[in-house]
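Please construct the entire structure, taking both the sequences and the accompanying hints into account.
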Amino acid sequence: MNAFNRLLTSAAIGLAVGVTSFSAFAETPANMLVIANRIDDVTTVDPAESFEFAGSDISRNVYGRLVNLDPLNLEAGYQPDLAESWEVSEDGKTITFTMREGVKFHSGNPVTAEDAAFSLQRAVILNKTPAFILTQFGFTPENATETIRADGNKLMITTDKKYATSFVLNCLTATIGGIVDKATVMANEVDGDMGNTWLKTNSAGSGPYILDSWKPNESVTLTSFPDYYGGAPAMERVIVRHVIESASQRLLLERGDIDVARNLNPEDIAGVMEADGVKVEDELKGRLMYLALNQKHPVLSKPEVRQAFKYLIDYEGMRDSFLKGQYTIHQNFLPKTYLGASDENPFSYDIEKAKELLAAAGVENLEVEIGVREAQERIEIGQSFQNAAAQAGIKVNITVGTAKQILARYRARELDVYLGAWGPDYPDPQTNAGTFAYNPDNSDEANATGLLAWRTGWDAGGLTEKVEAAVTENDREKRVQMYLDIQKEFREISPFVMMFQQIEQSALRDNVENWSTGQAVTAAAYWQVTK
Amino acid sequence: MSLTDDNNQRRPRRAPLSEKAWPLAKTSMLTLGSISVTLLGLLFITFIIGRVMPIDPVLAIVGERASQSTYDAVYQQLGLDKPLLVQFLYYLWDVLHLDFGTSLLNARPVSEDIARVFPATLELATLGIIFGVVLGVPLGVLAAVRKGSWIDQVARVLALVGYSMPIFWLGLMGLLVFYGILGWVGGPGRVGIFYVDVVPSVTGLILVDALLDGNWAVFKDAFSHIILPASLLGYFSLAYISRMTRSFMLEQLSAEYITTARVKGMSEWDVIWKHAFKNIRVQLITVIALSYANLLEGSVLTEIIFSWPGIGSYITTALLSADMNAVLGGTVVVGLIFILLNIFSDLLYKVFDPRAK
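Sequence order for the protein chains is A and B. Those letters in the first sequence? Residues 1424 to 1954, per this note's numbering, in order. Those letters in the second sequence? Residues 13 to 369, per this note's numbering, in order.
One thing to keep in mind: the hints can contain errors.
[What the hints assert, rightly or not] The calculated label-pair distances, taken between Cβ atoms and stated as ranges, are:
hint, chain 1, residue 1, chain 2, residue 2, range
1, A, 1584, B, 92, 35 to 43 Å
2, A, 1576, B, 92, 41 to 49 Å
3, A, 1454, B, 161, 57 to 65 Å
4, A, 1611, B, 172, 52 to 60 Å
5, B, 84, A, 1464, 37 to 45 Å
6, B, 84, A, 1821, 26 to 34 Å
7, A, 1464, B, 45, 48 to 56 Å
8, A, 1821, B, 98, 49 to 57 Å
9, A, 1564, B, 92, 21 to 29 Å
10, B, 91, A, 1454, 45 to 53 Å
Simulated from the structure, these hints should not be mistaken for laboratory data. The beta-carbon is built from N, C-alpha and C at its ideal position, and this holds for glycine as well.
Put into structure tokens, the structure is as follows:
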């Protein structure tokens, strides 16, 4: 549905609701939470493999982890979960976890250090897409059983070198840190797959919810685990229904057939704000919008030109128009709510300043191509930038294409400018620092397509060493300061024009309390929700 | 001459079994051959389109931040490094064994996914076509018989609206009025939250399964959810069917045999239904079969608005996610439906039209 149709539909619904009222208002049961969400990105519910948003929501509620984030106090960072405590060896390479006693899996089996070791080893050995979150610590399929081992009630993990403890533990709060029931999983092993095929659609966790069913593109049903060590959740049943259309979600919410609508467009958000019995809650998410200026381009690689482009973004204009309520201005690579995140947004929309910088660089009649993936908001950002650039004498040609077309060219370092979106992989600042500001080998032969700095053709210079140093700093305050310093330098010299951070707006029935989608650092949690 | 001989002379000679069986076998073989060639063509074209379109199934699996080595490994795993013809032959071999492969994204067999989503579409399309035929045919006949009257005008407006109104708009307005404001029907989804997974899935058709289970509460709830999207689809079929019926009937009503029948004093009812209508049945069968096939293809927008997990939204989601196994599997099923409905139409022709025998 295009923007006009969307607006028209919302207006019609708003008008109709305004002149009449919903009849026979329904209400979901007090012990049941019904959520409308787009769940077509779920490809598997195996924690060793799951790497999508809706999949992470399921995993967060079904699997316990060694350490976890409290949905009611995300700012506090990782907290003990299945591990009661931990100690770090003198050389900083081995962390010994003491497992919590008396915790059971949904099967009734006790949660042991052996299960925890198996889960992490399994994730490393299977080596699925999110495995890099663990293998970056030197774990490999070959050494996994030596570097991750259980001894009685203790679990020991030994990294290849000293890392900041917070870095390692933050990574263990990610979906891949989910602890599975070894006996149940191995009972369903087929051809040495360590239960991967079975766990794609089944669960073997110890979290507050048991996965009843996942019907792709239809629904996810969770039932509370009465023996959850933290106490059975108030919501005994959680149903997530796949509802794509924003207007349909809005109708369901206003009729009281669902408790939470997670994908309302700005027009419908504005509409439900005026509805009785509905409230809207905002949470900052991790997705960032940015421009990447190819440093292999002779003009774009000039420092003044990089600076000039940062003044050619109508930050406020876009935020207050087509991105209203969906994005906030953010000019740093760490999303707000992350450890070490910065609030500094020094750049503003200033055509004259940009012209001065371009003149200082001796740039005239510059013409560049910008690659934009075919998503409405990205196209509109591209058009806004095109207009601003034209005022500064730069001709911008927009190439709109599919992910395959545009991303392939960005990965091949062929695009002059790439308009991208990036979401962090795990709740530690290294996730973004290690890609935006880290590039140990900028040569074409390095082919480090996983690093945004490399894709942009940018030798991050001294920042690479600073990022390496930050992941080994154990003093939390010092580590925070290191990331603030890295970002300050990054803002000034990098070829990345950081623009916006996503906001998720959830519309809720007003009796729903303690709702959390996990902010930028984690996924949605349901066990703390009450009605 | 014996009685037996005499009888033999008077009875028409019975064709030997081989003489009767041959034309039947020949027809069957021709039909089968035609189906096979059509299916092969469909498979080939769909396969080629799937391979040349600008979406990347590897990227869909590994994610955009994967290293080149991971990308290459999955590329080879999917067999994309092999020549196109070899890839197609592998695929053909699997399809011949009723194996559409595994969904690249959710790792389930595509055949299982289709078995889950197709009944939802079948149920919706069948109710829709019943609605379209039951109302559309009489409306078309009436419009032709009363040409230029208010009934004809109403039929014309209904058809015009049906042709020109965007389906998402009508769907949303229908939801707003009948679900949101009046509360007469259920909202998006096949059943309400209280009835999810209540009756065992035997046929996958929830109305039928509820009846088989004897659960009237689920039947009523499911009916309240299906009635609006089915009516909407039925309305679009009605628009087409009524216009075509009107057009066919007008042609027949102006024919000389109709005038003769009237001159002979035959009742108007008989003239319309026993003569004119009887002669448009064959044409109508084509129209209805095509309408039904279109509905069975899955109306993507209707399925999206009503959160109806049918084959249309399944194929669309798969396409947008670069899940080519699912796209190919779904397309083959839809193609097969078209072919089967065409064969069914041909069979009906032979029943209704002696010249086609």
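Verification of the hints:
no.	hint	verdict
1	A:1584 / B:92: 35 to 43 Å	37 Å, holds
2	A:1576 / B:92: 41 to 49 Å	48 Å, holds
3	A:1454 / B:161: 57 to 65 Å	59 Å, holds
4	A:1611 / B:172: 52 to 60 Å	58 Å, holds
5	B:84 / A:1464: 37 to 45 Å	24 Å, violated
6	B:84 / A:1821: 26 to 34 Å	31 Å, holds
7	A:1464 / B:45: 48 to 56 Å	43 Å, violated
8	A:1821 / B:98: 49 to 57 Å	39 Å, violated
9	A:1564 / B:92: 21 to 29 Å	25 Å, holds
10	B:91 / A:1454: 45 to 53 Å	49 Å, holds
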